[in-house]
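Quick note, the sequences are listed as chains S and D, same order. With the first sequence counted from 1, adding 345 to any position gets you the numbering used here. With the second sequence counted from 1, adding 345 to any position gets you the numbering used here.
Because the hints were derived from the structure by calculation, they are not lab data. Each hint should be verified, as a subset may be incorrect.
A pair holds if it fits inside one copy or across any two, identical chains being indistinguishable in the list.
Stated by the list, open to error - Under the rule of at most 20 Å between Cα atoms (straight-line distance), these lysine to aspartate or glutamate pairs were calculated in the EDC-like manner:
1. Lys484 / Asp531
2. Lys484 / Asp535
3. Lys445 / Glu508
4. Lys484 / Glu508
5. Lys484 / Asp496
6. Lys484 / Asp507
2 protein chains.
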Amino acid sequence: MNTPSTNPGPARGPADHEVRDQIVAAATEHFRLYGYSKTTVSDLAKSIGFSKAYIYKFFESKQAIGERICANCLREIETDVRAAIASTNRPPEKLRRMFKAAVESSLRLFFEDRRLYDIAATAATERWATVRAFEERIKAMLQDILRQGRDSDDFERKTPLDEAATAIYLVMRPYLNPLLLQHSLDHTEDAPAQLSSLVLRSLSP
Amino acid sequence: MNTPSTNPGPARGPADHEVRDQIVAAATEHFRLYGYSKTTVSDLAKSIGFSKAYIYKFFESKQAIGERICANCLREIETDVRAAIASTNRPPEKLRRMFKAAVESSLRLFFEDRRLYDIAATAATERWATVRAFEERIKAMLQDILRQGRDSDDFERKTPLDEAATAIYLVMRPYLNPLLLQHSLDHTEDAPAQLSSLVLRSLSP
Chain S
346 MNTPSTNPGP
356 ARGPADHEVR
366 DQIVAAATEH
376 FRLYGYSKTT
386 VSDLAKSIGF
396 SKAYIYKFFE
406 SKQAIGERIC
416 ANCLREIETD
426 VRAAIASTNR
436 PPEKLRRMFK
446 AAVESSLRLF
456 FEDRRLYDIA
466 ATAATERWAT
476 VRAFEERIKA
486 MLQDILRQGR
496 DSDDFERKTP
506 LDEAATAIYL
516 VMRPYLNPLL
526 LQHSLDHTED
536 APAQLSSLVL
546 RSLSP
Chain D
346 MNTPSTNPGP
356 ARGPADHEVR
366 DQIVAAATEH
376 FRLYGYSKTT
386 VSDLAKSIGF
396 SKAYIYKFFE
406 SKQAIGERIC
416 ANCLREIETD
426 VRAAIASTNR
436 PPEKLRRMFK
446 AAVESSLRLF
456 FEDRRLYDIA
466 ATAATERWAT
476 VRAFEERIKA
486 MLQDILRQGR
496 DSDDFERKTP
506 LDEAATAIYL
516 VMRPYLNPLL
526 LQHSLDHTED
536 APAQLSSLVL
546 RSLSP
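Just need the whole structure built from these sequences, with the hints factored in.
Put into structure tokens, the structure is as follows:
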């Protein structure tokens with residue numbers, strides 16, 4: 346791991362955003378090994394080789410670092426989901442692929458080697474701002490797909506758009522939220538397809 | 346709490362099923378106060394005033410007592426759900442009331458004062474036989490309602506019955522399984538109605 350000099354001069358040292366990225370990268374690695382909830386900023390400072398005060402210059406709390414990691418993680422899921430949606434022009438198929446990609450991406454990030462699960466669980470339990478914003482973006486994606494499907498006559502138009510999107514979000518939620526997903530691991534193989542089919546039946550004109 | 350003589354004669358003492366019920370009642374109370382997972386059969390024996398050997402005459406393990414308590418609890422939920430289904434003749438309304446009753450009954454049993462949550466969570470995590478049988482009965486109830494709704498022309502007939510019932514079960518699962526329900530407490534007010542509406546849209550002929 347690269348460590349900067351302990352007293353980087355403000356002029357010659359790395360830019361702030363570089364130091365921030367470096368702290369986040371090191372913290373991600375540390376949390377992955379030792380968990381988020383049991384680690385203190387002191388532990389983190391020791392492990393990165395920075396002083397605690399230096400870390401506090403860039404992040405006001407452990408949660409601020411956690412939020413950054415969480416945001417990176419959710420952005421990765423979002424990128425996968427958007428790519429899946431963009432991979433077809435047919436709105437019904439967009440919905441199927443969105444559900445499948447969301448589950449696969451969440452499983453990979455939260456459960457492969459329990460990587461990042463601890464931080465995701467804390468974020469979901471405490472309903473961090475990053476998590477709430479992510480949920481809103483997922484709902485917005487659903488609304489977009491519904492709108493496209495209504496325009497292409499694939500979906501019915503009677504149900505208020507917002508009501509339909511919220512209900513579909515509730516169907517997907519157990520496979521997006523890591524707290525619920527951990528108790529649904531037996532279902533991640535079949536449930537996305539079965540639930541997508543049910544949702545598509547609910548949307549038929 | 347009633348305690349029998351410590352050496353009940355096989356002829357004059359209480360019948361076996363009475364002693365079993367007495368152990369289950371005392372254990373329910375004990376688990377409610379101290380939790381299921383941390384209690385041993387020794388703790389239980391001490392608290393009931395029986396010898397450990399006497400308890401083992403009636404139950405082969407702590408889990409055997411737990412299974413009985415869990416079965417009682419699930420039977421209570423099932424009774425509520427069946428009553429809700431029987432309270433209307435219209436299949437779509439049966440489905441709505443079934444979902445609502447299942448959530449309300451589960452919330453009352455598992456979360457009011459966290460009563461019995463500990464034992465329900467253990468049962469769900471370890472997938473006890475009582476839990477698996479309960480899930481099958483819920484799926485059978487769903488199939489019954491679907492059959493009735495197909496006969497009355499309220500529901501479509503294209504989707505294989507089993508496929509439709511399984512998918513609806515998956516929609517209800519996060520509100521029936523205590524492990525998932527604990528993370529859905531913010532949604533128990535609105536989600537059952539929103540999801541019932543989505544499910545009914547999926548069933549429209």
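Here's how the hints hold up against the structure:
no.	hint	result
1	Lys484 / Asp531	between (25 Å within a copy, 17 Å between copies)
2	Lys484 / Asp535	between (23 Å within a copy, 17 Å between copies)
3	Lys445 / Glu508	between (22 Å within a copy, 18 Å between copies)
4	Lys484 / Glu508	within (11 Å within a copy, 26 Å between copies)
5	Lys484 / Asp496	within (18 Å within a copy, 36 Å between copies)
6	Lys484 / Asp507	within (9 Å within a copy, 30 Å between copies)
Of the numbered hints stated above, none is contradicted by the structure.
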